[in-house]
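Here the protein sequences come in this chain order: A and B.
Here the first sequence is numbered in UniProt numbering, starting from 1 and rising by one per residue.
Here the second sequence is numbered in UniProt numbering, starting from 1 and rising by one per residue.
These aren't lab readings, by the way, just hints derived from the structure by calculation.
Hints are all accurate, no fakes.
Here are a few chain B residues that sit away from chain A, every Cβ distance over 12 Å (derived from the structure): (1) Ser-68; (2) Asn-76; (3) Glu-90; (4) Ser-96; (5) Pro-97; (6) His-100; (7) Lys-107; (8) Leu-123; (9) Gly-126; (10) Lys-129; (11) Ser-140; (12) Ile-147; (13) Arg-158; (14) Glu-177; (15) Leu-178; (16) Cys-180.
Some chain A residues judged to face chain B by a derived CB distance under 7 Å, without partners named: (17) Glu-14; (18) Tyr-21; (19) Ile-61; (20) Arg-163; (21) Gly-166; (22) Phe-194; (23) Pro-195.
Using 35 Å as the maximum straight-line C-alpha spacing, the simulated DSBU-like pairs for lysine-lysine come out as follows: (24) B:Lys-87 - B:Lys-144; (25) A:Lys-184 - B:Lys-94; (26) A:Lys-54 - B:Lys-87; (27) A:Lys-54 - B:Lys-94; (28) A:Lys-139 - A:Lys-107; (29) B:Lys-54 - A:Lys-184; (30) A:Lys-139 - A:Lys-94; (31) B:Lys-184 - A:Lys-144; (32) B:Lys-87 - B:Lys-139; (33) A:Lys-54 - A:Lys-139.
Positions of the beta carbon are idealized from the N, C-alpha and C atoms, including for glycine.
There are 2 protein chains.
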Amino acid sequence: MPSALILIADGTEEMEFTITYDTLVRAGVACTSAYVSADSDTASTTQTTPSFAKGSRGINILPDTYFSPQAHVPDNFDLLVIPGGAKGAETISKNSPVQHLVREYIKNGKYVGMICAGSLAALTAGLEKQPLTSHPSVKSHLEKDFIYSEQPVVVSGRLVTSRGPGTTFPFALTLVELLCGSAKRAEVAGPMVFPPGTCE
Amino acid sequence: MPSALILIADGTEEMEFTITYDTLVRAGVACTSAYVSADSDTASTTQTTPSFAKGSRGINILPDTYFSPQAHVPDNFDLLVIPGGAKGAETISKNSPVQHLVREYIKNGKYVGMICAGSLAALTAGLEKQPLTSHPSVKSHLEKDFIYSEQPVVVSGRLVTSRGPGTTFPFALTLVELLCGSAKRAEVAGPMVFPPGTCE
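Construct all of the structure, not just a fragment, from the sequences and the given hints.
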């Protein structure tokens with residue numbers, strides 16, 4: 001069974017987090033949500049059960065665990081996901097152990113998904129110049145260092161990027177296809193009842 | 001400022017809940033999530049802060065409060081929403097105070113939104129025969145008592161119904177339009193960055 005680590009912080013866009021996690025679970029991917037604290041890089045060593053992450057629009061979500069640079073290495077997961085939400089993406093993308101893991105996942109041939117302002121982590125992790133997209137609000141931070149695209153989902157080797165809440169379904173289904181194949185993507189999308197002509 | 005009461009229970013489809021709540025908040029609608037207990041109709045009298053609702057795909061969400069038949073009357077909200085998820089929709093639609101409130105909201109000219117298996121509440125509340133849609137999995141329970149449609153979103157007077165996770169964005173944006181107008185719908189949809197040709 002493929003597995004995914006999905007990061008979450010105070011200010012994470014709760015639709016982007018929830019759609020990605022839920023769609024991957026529907027595909028049989030074992031998902032773990034891990035809370036990244038804004039306070040320090042070492043919070044993970046003192047607590048194991050975060051109370052909750054405060055979503056960008058007021059929905060409070062209980063993460064499965066604290067982010068742990070030791071436990072959440074590429075040996076243990078097939079995919080690392082960084083959702084958007086300005087404040088949450090800032091916390092996650094500025095976290096140096098996260099930056100290190102982004103590089104390690106790519107180096108080890110594992111997938112990394114970034115959506116919305118989460119794409120800032122490609123910059124902070126120092127990934128090489130390649131095709132990428134993001135929320136339009138952070139385009140100006142990324143367009144010099146990447147080959148900026150306005151496609152809903154951009155797959156560049158192991159890096160998968162997307163734009164915002166409105167592109168999260170195609171983002172999540174693309175991750176399902178990469179991890180589980182196109183037949184599984186179709187099997188998962190069917191019962192989600194997309195309007196005709198979308199997400200196909 | 002318009003206001004919305006969004007019900008949640010163990011087994012609620014977390015994408016349907018989250019997309020609706022978040023999109024309404026983006027439109028400036030004051031949202032309250034209220035936990036409906038599967039145990040009894042009277043749980044609301046003994047506790048005020050639910051620990052969390054267990055989502056259908058394993059995401060645990062902290063509701064804002066317990067469902068209260070006394071507090072959550074149509075005088076206090078402009079919209080009542082019942083999300084899907086088979087187990088959550090069963091708990092909510094079988095709750096007799098919820099059934100009573102569905103009738104009261106409609107009678108008082110307030111909107112009621114139901115999505116996915118949440119549309120079963122139209123049946124259990126005894127609403128009159130009218131156009132309606134739902135998740136295909138519960139169509140057979142509804143097609144005799146309603147004018148069953150397969151449109152992504154069906155607006156029938158004050159009753160707004162929809163189909164599943166894949167139709168939740170158009171469902172939520174339709175609720176925004178009904179509560180706040182078409183200009184607000186466009187203002188909210190823009191920054192959500194839908195792929196061209198969808199949710200317009």
